[in-house]
Amino acid sequence: MTSLLDHRLLFVTGKGGVGKSTVASALALLASTQGKKTLVCEVEPKGDLSALYECGPTSFAGREIAEHLWAMSMDTEASLREYLKINLRVPVVGRIGPLARAFDFVATAAPGVREILVVGKLCWEVREQNWDLIVVDASATGHVIGQLAAPQAINSLVKVGLVRQQTDWMLDILSDPAKTGLCVVTTPEEMPVNETIELAGRVGAETTVSLSTVIVNRVLPELFGANEEAMFEALCAEEVARTLAVESGGDVGLIFEGAHLAVTMRRTQAAHLDRLRKHIDAAVPFLFLPYLFTRVHGLRTTRKVARAIDEELGS
Amino acid sequence: MTPEIPEPPETRRSPARRGDGRSSGRSSGRNRSQKDAKPDWTPREQSRPGRVPARGGGEASLDTLVGAKEIVVACGPGGVGKTTTAAALAAMTAIEQGGRILVLTIDPARRLADALGLDGIGNQERRVPPERFSQAGVKPRGELWAAMLDTAKSWDDLVRRHAPDPETVAQILANPLYRNISGRFVQSHDYIAMERLFEIHASGTYDLIVVDTPPTRNAIDFLEAPQRMADFFSSRLLRWLIAPYRSRLVTFASRPFYQIADRVLGTQFLSDVAEFFILFQTMYAGFVERAQAVGRLLRDRRTTFLVVATLESAPLREAEFFASALDERHLHLGAMVLNKVLPDYLRDRSATRVAEHLRESAEEVAEKVAATGPPALGDREAVARVLRRVASSFLDFQTVARHESEQRKELATSPDLLVAVPYFDSDIYDLEGLIRLGRQLWA
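So the sequences go chain by chain: A and B. Just so you know, the first sequence maps onto residues 1 to 315 in our numbering. Just so you know, the second sequence maps onto residues 1001 to 1443 in our numbering.
By construction, these hints were calculated from the structure, which means they are not laboratory data. Warning: the hint list may mix true and false statements.
[Unchecked claim] What follows is a list of derived Cβ distance ranges for each label pair:
hint	chain 1	residue 1	chain 2	residue 2	range
1	A	Thr264	B	Thr1168	14 to 22 Å
2	B	Arg1402	A	Glu229	25 to 33 Å
3	B	Glu1364	A	Gly201	20 to 28 Å
[Claimed, not checked] List of simulated lysine-lysine pairs, DSBU-like, C-alpha gap at most 35 Å:
hint	chain 1	residue 1	chain 2	residue 2
4	A	Lys46	B	Lys1409
5	A	Lys278	A	Lys85
6	B	Lys1153	A	Lys304
7	A	Lys46	A	Lys85
C-beta atoms are modelled at their ideal positions from N, C-alpha and C, and glycine is treated no differently.
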């Protein structure tokens, strides 16, 4: 199986709030520090990349934000312009205004039209061999299938025309597991795990893309090893706690309560992780990224996550 | 659509409700019936309306807020517990205030159905069995009902209602593009949720409807959905687009579009699209009127919004953005609910000192414990390891808890009511759990 960063095109998805954009940014950062010429593309331009790299606004044009690392944000209208310019060689600039708006209407009713411009642009970049790796901060689990399945959807609706001819080479790229991979990011919580399981099933059934990795984000550390938990319980006994209070200069009650909370949280997570592992094809590798005990995002966090991914990939 | 319902139970008793100064028949659950289903729109006054329950009264709580409302819309970023919060709030209202309370969810999670004791929730409202409440040890004053939004089915209903004749209905339902607009068109989900809310509210069956909103790409999408739907069908562009298929006359202005579109997409596809729009246009008037009514309902003073979030940076940023979006649209932000908040004791300052000391001098402390404690604690090194681990873990969690608390202070848009719900150490899987959460909200 192709190692994660050896793909050409890597879609990163996940339920909202699990840290999908953070992981995508970190993957791209990691690849770029390994010397790969990397493009990271934000499909829904909410400014996440700009916040995660602290690099200022990104646009469709793409911009070098660090050595070997370029960032862009998707824009379907710009993608349409580019497409028409490349394929039709018509002087579209003057006429594109109403065209883009009319296109908007068509795209609203017809599935896959908007999505094909997203996937088409990305596949085009792969075909042109502009990059060693393209990391896509894709749409959330609910919408990503529509994007990945866009070429088939278009194939079934559009029987003739230029678009029809072009879905073939896109499908070649998307269905080659050595070129294209899908990473699902989740957290060890109930709903994200449910969505990941559901998505894994749908990816297989509805798209030609292979699920290459599940990345479990924000995994709490195991507080105690074997036998240590019994020891902790013994420490909680009243007379021991008194000794501890004297020795450490204050009541340890809250600290122990915090440890109980940490153990419970970890245990809840473990149950969801078991369920996740059981429902995902055993051939799909898992990466576990630690909970970072900080609730801020920024370049520093992105770097930390990149290091964590690096360690997981190395092991 | 509306289920057969026996005589309503005890009406919600809420002073705030009566104090609202509206005395239409609708404000009493007891008097409602199918007959007075016609909505009576109370226009919202222009000057920042409806911040009634919180300011001045001194005693702001969710309980007074929902007591004064007929619709509570729970919104906010994904993954923060919107659905559970909505269900817990509805359950508490049924328990404490009585009346007939509906939770309208868009979340197809089995878990909620299970928690409510329903074997699946569908488009049709169903009552949560009263035995479930007695099993949970409470005697509710009212009834709790639940329904789940079925987008495709709701669209079909909408078409049946608005299309001029059965023939058109059949044609629309059979159009290949229709399934796509009803199933995949993202905003259709948002729109249909609001439309269904309108429908149920207009039926006058419920004293309170708590609705949770679809996880949108952009949290405010669903607020725009009614307007966008109206714009969509009334657009000149739409008429321009389908004109050639109606009149077979391609205008000078639209020719370049068709030339390009033909080459790219093929003629057949375009005429499929056009046929779809032509059919859909027959529903234009009904649609636009309805979309506008839905918009008015959201702005009505009987409706309030609950922004649900957590104190993590990204969800909180989204929630703040959402709160300001509500404000701009003159929609009433009733409260902000912060879920999964770490307990306050984690920020205790004296505990910090103790934890730091414990981490630095774990060996010395362990030695004392080994000397005086039970034999189970005889292994000095192991005890030191455990102590260090416990202390570091506390300090780690403290960092997060402190950060949370900072975030909370910095909340740019301070809503009238901020409710923090502590982290629950297990997932909520039954009505008891929902009520436990509900009590935290209510307090």
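These are the hints, each one checked on the structure:
One distance hint, 14 to 22 Å for the beta-carbon pair threonine 264 of chain A and threonine 1168 of chain B, is violated here, with the actual separation near 58 Å. Take arginine 1402 of chain B and glutamate 229 of chain A: their Cβ atoms lie about 27 Å apart, and the range 25 to 33 Å holds. Checked against the hint of 20 to 28 Å, the C-beta distance between glutamate 1364 of chain B and glycine 201 of chain A comes to roughly 55 Å, which is inconsistent with it. Distance hint between lysine 46 of chain A and lysine 1409 of chain B is fulfilled; the C-alpha atoms sit about 25 Å from each other, no more than 35 Å.
For the given pair, lysine 278 of chain A sits about 48 Å from lysine 85 of chain A by alpha-carbon distance, which is inconsistent with the 35 Å threshold. Of the supplied pair hints, the one linking lysine 1153 of chain B and lysine 304 of chain A is violated, its CA atoms being roughly 46 Å apart against a limit of 35 Å. A threshold of 35 Å between alpha carbons decides the hint, and for lysine 46 of chain A with lysine 85 of chain A the separation of about 27 Å falls inside it, so the pair holds.
When the structure is compared with the earlier hints, violations turn up for hints 1, 3, 5, 6 and for no others.
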